[in-house]
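Chemist: Residue-level listing of the chains:
Number of protein chains: 8
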Amino acid sequence: MADNEQTADLGFARVDLDRERRTGDPEVVYAEGKAPEQVVAILRRLHEEHPTRAVLATRVSAEAADLVATKLPTAVHHADARAVTLGPLPTSQGRVCVVAAGTTDGPVAAEAALTAQVHGAGVERITDVGVAGIHRLMAVRDRLEAADCLIVVAGMEGALPSVVGGLVGVPMIGVPTSVGYGASFGGLAALLAMLNSCAPGVTVVNIDNGYGAGVAAARIARRARGGAQ
Amino acid sequence: MADNEQTADLGFARVDLDRERRTGDPEVVYAEGKAPEQVVAILRRLHEEHPTRAVLATRVSAEAADLVATKLPTAVHHADARAVTLGPLPTSQGRVCVVAAGTTDGPVAAEAALTAQVHGAGVERITDVGVAGIHRLMAVRDRLEAADCLIVVAGMEGALPSVVGGLVGVPMIGVPTSVGYGASFGGLAALLAMLNSCAPGVTVVNIDNGYGAGVAAARIARRARGGAQ
Amino acid sequence: MADNEQTADLGFARVDLDRERRTGDPEVVYAEGKAPEQVVAILRRLHEEHPTRAVLATRVSAEAADLVATKLPTAVHHADARAVTLGPLPTSQGRVCVVAAGTTDGPVAAEAALTAQVHGAGVERITDVGVAGIHRLMAVRDRLEAADCLIVVAGMEGALPSVVGGLVGVPMIGVPTSVGYGASFGGLAALLAMLNSCAPGVTVVNIDNGYGAGVAAARIARRARGGAQ
Amino acid sequence: MADNEQTADLGFARVDLDRERRTGDPEVVYAEGKAPEQVVAILRRLHEEHPTRAVLATRVSAEAADLVATKLPTAVHHADARAVTLGPLPTSQGRVCVVAAGTTDGPVAAEAALTAQVHGAGVERITDVGVAGIHRLMAVRDRLEAADCLIVVAGMEGALPSVVGGLVGVPMIGVPTSVGYGASFGGLAALLAMLNSCAPGVTVVNIDNGYGAGVAAARIARRARGGAQ
Amino acid sequence: MADNEQTADLGFARVDLDRERRTGDPEVVYAEGKAPEQVVAILRRLHEEHPTRAVLATRVSAEAADLVATKLPTAVHHADARAVTLGPLPTSQGRVCVVAAGTTDGPVAAEAALTAQVHGAGVERITDVGVAGIHRLMAVRDRLEAADCLIVVAGMEGALPSVVGGLVGVPMIGVPTSVGYGASFGGLAALLAMLNSCAPGVTVVNIDNGYGAGVAAARIARRARGGAQ
Amino acid sequence: MADNEQTADLGFARVDLDRERRTGDPEVVYAEGKAPEQVVAILRRLHEEHPTRAVLATRVSAEAADLVATKLPTAVHHADARAVTLGPLPTSQGRVCVVAAGTTDGPVAAEAALTAQVHGAGVERITDVGVAGIHRLMAVRDRLEAADCLIVVAGMEGALPSVVGGLVGVPMIGVPTSVGYGASFGGLAALLAMLNSCAPGVTVVNIDNGYGAGVAAARIARRARGGAQ
Amino acid sequence: MADNEQTADLGFARVDLDRERRTGDPEVVYAEGKAPEQVVAILRRLHEEHPTRAVLATRVSAEAADLVATKLPTAVHHADARAVTLGPLPTSQGRVCVVAAGTTDGPVAAEAALTAQVHGAGVERITDVGVAGIHRLMAVRDRLEAADCLIVVAGMEGALPSVVGGLVGVPMIGVPTSVGYGASFGGLAALLAMLNSCAPGVTVVNIDNGYGAGVAAARIARRARGGAQ
Amino acid sequence: MADNEQTADLGFARVDLDRERRTGDPEVVYAEGKAPEQVVAILRRLHEEHPTRAVLATRVSAEAADLVATKLPTAVHHADARAVTLGPLPTSQGRVCVVAAGTTDGPVAAEAALTAQVHGAGVERITDVGVAGIHRLMAVRDRLEAADCLIVVAGMEGALPSVVGGLVGVPMIGVPTSVGYGASFGGLAALLAMLNSCAPGVTVVNIDNGYGAGVAAARIARRARGGAQ
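Chains W, R, B, S, F, P, G and D are the protein sequences, given in the same order.
Residue numbering for the first sequence follows full-length UniProt numbering, beginning at 1 and increasing consecutively.
Residue numbering for the second sequence follows full-length UniProt numbering, beginning at 1 and increasing consecutively.
Residue numbering for the third sequence follows full-length UniProt numbering, beginning at 1 and increasing consecutively.
Residue numbering for the fourth sequence follows full-length UniProt numbering, beginning at 1 and increasing consecutively.
Residue numbering for the fifth sequence follows full-length UniProt numbering, beginning at 1 and increasing consecutively.
Residue numbering for the sixth sequence follows full-length UniProt numbering, beginning at 1 and increasing consecutively.
Residue numbering for the seventh sequence follows full-length UniProt numbering, beginning at 1 and increasing consecutively.
Residue numbering for the eighth sequence follows full-length UniProt numbering, beginning at 1 and increasing consecutively.
These aren't lab readings, by the way, just hints derived from the structure by calculation.
One or more hints might be untrue.
Stated by the list, open to error - Quick look at which bits of chain R chain B covers, simulated, 3 or more residues with Cβ under 8 angstroms:
hint, region
1, 102-110
2, 179-192
Said to hold, decoys possible - A few chain R positions that, by computed beta-carbon distances, are all more than 10 angstroms from chain S:
hint, residue
3, Leu89
4, Gly122
5, Arg125
6, Leu144
Just so we're clear, the structure is a prediction, and the values are computed from it rather than from any experiment.
Beta carbons are placed, not taken as given, at the ideal position from N, Cα and C, and that holds for glycine.
Make a model of the complete structure from these sequences and hints.
Modeler: Listed below in structure tokens is the structure:
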């Protein structure tokens with residue numbers, strides 16, 4: 001199948017070149033389960049098509065990151081977020097605040113924050129404000145209220161969105177993480193807790209899905225400031 | 001415990017009178033599992049405290065609705081949404097579009113729509129646009145794109161948010177419903193599908209939780225129009 | 001099999017008459033799934049054996065409660081706790097504080113409170129202090145700290161024990177309830193949340209098991225005051 | 001036990017030599033969990049018995065593939081399908097169309113396609129037509145309609161069979177894959193979605209079971225052209 | 001929304017009038033969860049649009065069946081299949097054989113058989129041939145082999161498709177039923193067994209989904225005889 | 001704690017020296033999760049105590065087997081069963097027949113067979129008689145009927161016990177194995193199938209628990225011949 | 001299909017008349033989900049075929065039991081076991097001992113006991129010997145040891161088979177019951193506990209499957225006394 | 001964010017310096033998922049803040065333990081508990097008795113025991129007293145009764161707390177472990193068993209959560225002796 005305006009055929013994948021027109025979002029490569037060579041090829045093809053804005057690759061293995069560094073020297077490796085960007089980040093509109101319960105939730109929070117930036121939102125991060133030390137959370141309440149959208153990242157019992165949701169009425173996206181053991185069942189406990197939150201208005205994404213939360217939050221934050229959508 | 005500015009003690013419940021100041025949202029009564037008399041008492045107390053804006057009761061049984069009609073004659077029973085409102089609805093800001101896959105998803109969609117209205121958003125509804133008849137969905141694409149926030153309600157395989165999410169980049173909240181049988185496991189199949197959506201930016205609420213989706217969507221839509229939050 | 005010192009054979013059940021000597025606890029009848037006549041017969045037999053202290057029956061149906069009222073007129077029906085006691089309550093030692101997140105958690109909290117009393121502890125109750133209104137919880141912190149053991153009852157996302165456990169270091173027992181719907185899976189979400197609590201020292205009992213929590217808390221509270229064990 | 005017409009005893013396995021007569025299908029070796037030497041021995045024995053038609057081995061590890069290459073030089077290794085064939089492929093009857101949602105679903109789709117070929121069907125493949133880019137799917141609708149049987153391979157939310165099933169009335173077999181993470185639970189989300197498809201006539205095989213789908217599709221396609229069954 | 005060629009708007013539902021053109025299948029109403037009046041209205045509207053061929057309603061409650069009998073006297077109630085047809089059945093092409101393991105699997109088997117007939121296939125039924133009495137199955141092997149497609153219905157351990165699949169190479173669709181108790185978990189055990197069948201080529205539909213199996217089987221059988229598709 | 005007649009204290013474990021008197025069974029070491037040195041120490045201690053009969057160690061890793069070979073040269077390593085015996089096997093009473101569905105079920109079947117021997121039963125093995133080739137099973141019916149107890153080992157859909165149980169009335173123990181993938185969920189599908197068997201009298205042990213099946217079968221077979229129990 | 005020696009066709013069911021010859025067991029009707037008229041018809045047909053030995057019907061509803069009493073006056077209703085027998089019970093061989101943990105496990109224990117009797121074993125019952133009162137169990141150890149096979153019935157945590165299995169080496173079948181609530185998940189907790197018993201030689205049947213345990217135990221007990229099998 | 005009295009900001013984590021004042025417990029580092037350098041940094045910072053009492057790190061990997069040994073030479077590595085302490089242990093108050101069912105439960109029991117010590121309780125350990133050898137448990141009954149709090153550690157069927165709970169009335173915390181295989185589902189079977197214990201007063205912590213049990217038990221034991229809390 002030959003290239004056309006909407007898709008490019010790389011042999012192993014038909015790349016969607018039209019996503020921004022449809023959804024307003026940049027192109028993204030989910031690198032998990034793809035060979036390093038495939039990651040490089042897709043990044044390159046998308047960058048050629050859209051040289052003026054960033055392309056994002058998430059869940060980039062160390063091997064793929066090394067190959068990207070060699071083959072695409074202008075790419076930036078965001079190690080804490082396990083991600084790569086290629087091309088200039090957009091001007092930011094609105095503000096997303098990413099709140100994480102514990103140190104070990106860091107990689108998921110970093111992926112959410114970077115994704116929101118690549119999708120056009122300004123980002124602030126607040127770290128290590130778990131529910132078992134509620135005074136830390138109280139101390140940052142003003143910053144929570146000032147955001148256009150909150151991303152709340154938590155593993156184990158996943159209670160942080162409920163507590164934050166009782167403090168402020170900002171749109172909020174909960175991200176359960178697989179941090180925990182035993183009856184956390186790989187993040188299932190946190191996921192169920194967030195789905196059952198007694199705080200109204202909490203929405204949820206898949207376990208460890210910082211990327212999805214970042215996309216959703218950026219869309220909300222950009223709109224909150226009347227920006228192009 | 002005596003009444004104070006923040007809570008009112010009804011004997012069987014301490015009613016939160018301060019929620020609007022904290023989160024910008026109106027007061028809501030989750031009526032399931034409460035006696036009809038309790039529903040009436042809480043509605044009355046909240047209405048006395050906030051006579052100028054609507055109080056919402058969700059999951060109202062037929063028995064409770066009857067007692068409300070007798071005891072609180074100015075209340076409005078929204079039978080399709082299994083809900084009651086007491087007091088004037090707010091002026092609407094922004095537009096929430098509630099999309100439902102099938103006829104049987106109707107009550108959940110109605111709860112979502114009413115909740116969004118009570119929380120200050122304008123609401124439009126689109127019905128019966130399941131993924132197995134994709135042409136129906138294509139026909140309403142413009143209306144989807146014009147919304148400030150989408151609520152997509154679907155049972156069975158829960159695929160509608162993925163398809164809608166590939167068409168437009170509007171903030172979207174998926175609501176899985178318990179419509180289905182056998183291996184739908186009371187809505188679990190639809191919930192898992194939405195959590196695993198390949199369309200980026202889909203967020204999810206609990207099974208049948210039209211209320212939660214309505215709150216979240218109204219917050220997003222109100223902000224998109226620069227309204228008071 | 002004839003009666004002996006340790007057991008009484010009622011035909012349909014061999015009643016344990018020796019439990020107090022072994023464990024220091026009174027006799028209890030779990031009435032669910034037993035015919036009203038059986039409940040009466042076991043209560044009567046245990047009361048005859050131990051006339052000077054209370055016998056407790058839990059999960060008593062309305063039918064069984066009616067028959068008990070007729071056949072055992074000195075018995076007391078605790079309707080909120082779905083329980084019956086027969087015989088004088090013990091002098092209380094120590095203080096158990098039962099904290100409940102919402103109104104609908106009431107029956108489980110009442111069962112826990114009554115059970116703790118029957119097992120020799122003083123009891124205080126705090127109601128409707130869910131995590132989505134954290135200010136209510138802060139207001140009762142002193143009462144939490146003054147207790148010898150806390151029982152924290154919560155359905156839905158089950159986050160309350162984590163928040164309470166971050167405030168005070170009192171021994172605490174979480175009781176998940178089946179309050180919720182959809183992905184609460186009959187209390188499973190709350191149970192998993194409590195098991196994964198990031199607050200150290202939270203222990204947990206079965207879903208809706210107010211009785212078990214009451215027994216455990218009373219044992220702890222009685223010891224805290226150096227009472228007979 | 002000595003050899004007879006129906007089975008051959010290799011010591012570690014009794015090989016079924018009679019399958020084609022009973023079911024019309026060729027012999028197949030499921031190589032997972034078998035030692036490379038065992039794979040070679042079974043392939044050789046089946047090939048000796050049926051030299052004029054292909055024997056198929058699936059789930060062949062790299063180690064087993066290497067040993068096969070050394071010991072059975074006429075065997076063909078299909079790396080993308082993790083499979084080996086030995087002996088000539090049959091003349092094809094009818095047409096199976098294998099549709100895959102994403103790049104990472106490739107190995108399962110390849111196994112399905114090769115299996116259908118070995119079982120006597122012609123095969124066409126369509127790649128990377130996920131539901132989040134519905135225009136790609138629309139563009140290939142004619143090819144879908146022209147097939148005798150469709151195999152639709154998808155991970156994550158597994159929605160592709162529902163959308164395809166709403167477009168065409170061709171017999172269809174959905175293959176959920178383990179592509180995904182978190183609440184995909186190793187393919188469970190996709191499996192449940194396909195079982196609950198609102199498009200009528202979708203049938204499903206086990207997670208990642210390209211082989212099973214290929215067998216079923218070939219049987220259907222061969223019959224559709226009136227071929228020997 | 002006004003009627004157009006593709007959909008009819010009944011107020012509570014938008015009815016798909018175009019399905020046959022797209023998929024070759026007749027119109028079907030899934031009656032579960034719909035009010036009897038709605039069932040009647042949809043049946044009537046579809047029949048008006050397509051008076052020359054049958055419309056099928058499945059999962060019809062006794063109440064709905066009674067109302068249908070009153071309002072649509074030409075409709076036929078198939079009590080064993082809990083279904084209603086309105087309009088003439090099509091000429092049959094090909095032969096579907098419906099095999100059921102036990103007496104209690106009867107309603108699901110009947111739904112499958114009727115659905116296949118409405119979708120244009122000839123149907124034969126074989127009853128009560130469970131795996132624990134394998135001689136019964138052996139006695140009907142010829143009839144199994146003569147079919148164009150098999151539907152194999154079984155609850156409990158769901159082993160029948162594996163045994164049948166080892167005997168004949170006819171395309172086969174397994175239907176797990178919710179017949180069983182305890183660790184059958186509402187048909188989950190049978191579903192898992194069929195998905196893991198060691199007999200190649202077994203495909204599966206949802207628990208109790210006789211309708212889905214009937215649609216799929218009819219499509220396969222019609223094609224096997226070269227009929228219009 | 002000093003040694004006494006019933007237990008020996010090895011520092012890291014208190015070894016039960018009295019099991020035979022209580023249950024008639026030999027001593028067994030479950031080696032999984034134990035250090036090789038611990039396995040050797042426990043085997044040695046038990047052998048010293050009971051030099052005239054065999055001690056069995058199951059789930060012996062390669063490392064532990066090597067150390068046993070060095071330190072306890074009279075021990076026998078049964079590699080196919082991943083087990084070690086030390087001391088003379090007992091005279092066999094009765095006959096256990098171990099039937100396995102597929103080649104990959106071999107290790108579990110071997111563990112069952114060896115365990116039955118160590119526990120005093122004679123053992124016969126039948127291999128590779130899966131339900132998808134029912135003629136193989138029919139060919140060995142006489143051998144099945146001649147046994148005192150059957151152990152039926154199967155993974156995937158776990159249907160073999162149902163089919164065998166319909167052929168003969170011999171006491172039977174089903175052993176589900178973790179052979180399979182995807183929706184076999186590590187043996188859960190086979191376990192559920194066996195628990196729901198429509199053949200009466202099938203009992204089941206844990207997934208891959210050849211040891212437990214061997215113990216149970218030997219007890220049954222020994223009694224069937226009136227041996228010492 | 002006409003009657004032959006092996007099956008009788010009743011229209012709605014093909015009745016197996018040959019089971020005893022194959023497996024040595026009497027005919028049994030599983031009445032759940034069958035209409036009362038069907039239960040009567042099958043019982044009558046089987047009794048006509050085998051007038052000299054008992055036919056058993058299990059899970060007989062009150063309605064079916066009433067109809068049986070009217071239509072088959074010589075039938076015996078065993079209300080505690082929810083079962084009916086028709087025809088003379090066999091002479092008993094060997095002894096099965098049925099042990100139940102609690103009063104509420106009674107119906108399952110009764111079904112197991114009656115089934116064992118109908119299948120030719122002598123039966124003894126021991127009631128109310130739960131693990132939380134271990135002294136009761138110790139008191140009956142001799143009776144346990146004297147049995148040819150034990151059936152141990154327990155709900156909740158299902159620990160009784162482990163404790164009994166540590167006391168005696170008699171063949172044992174555990175029957176988990178659905179007695180419990182919350183995280184017992186309808187008997188799943190007890191089932192898993194029995195499958196994971198640390199006491200060797202415990203085998204298990206489905207939740208509440210007293211019938212299956214009775215069949216298996218009778219086969220074992222009959223053999224232990226060298227009876228006809 | 002600068003340091004203040006309550007938290008210290010290490011860049012990658014905000015360390016809670018105020019926990020003892022709030023809850024009376026020492027500072028603890030959960031080392032799993034943290035880099036060795038992070039473990040060292042947090043331990044050092046907490047030790048600087050609180051030089052006169054022990055800091056505890058749990059789930060310390062071998063790599064982290066090695067780095068701690070190098071960088072913090074006064075730290076003590078408790079290899080059996082996979083833990084490190086830094087600073088002097090407190091004077092002990094009260095007595096916690098840690099009971100373990102099997103050798104392989106050792107690491108969890110050791111973690112529980114060390115944690116209780118660090119949290120100020122005296123500790124006694126009893127090992128290898130599984131329910132399948134009930135005589136071992138009977139022999140230590142006096143020691144169980146003399147404790148202020150019991151921690152009962154068990155994998156597999158998790159029955160030990162039920163049996164111990166029937167013997168003595170001491171406050172008890174059950175710790176299910178992931179010891180087991182197959183249908184133990186990583187400790188789920190033991191967890192469910194303990195939650196469903198028929199012995200009243202058993203409370204439970206997460207699978208393998210020796211730490212949580214140790215904290216809870218120490219709080220109970222310290223209070224039992226009237227110590228500072």
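Chemist: For each hint, tell me whether it holds in the structure or not.
Modeler: Taking the hints in turn, this is what the structure says about them:
1. 102-110: violated (count 0)
2. 179-192: Since 4 is at least three, the answer is holds.
3. Leu89: holds, 34 angstroms
4. Gly122: holds, 28 angstroms
5. Arg125: holds, 20 angstroms
6. Leu144: Answer for Leu144(R): holds, closest chain S Cβ roughly 13 angstroms.
The structure is inconsistent with hint 1 alone, although it conforms to all the rest.
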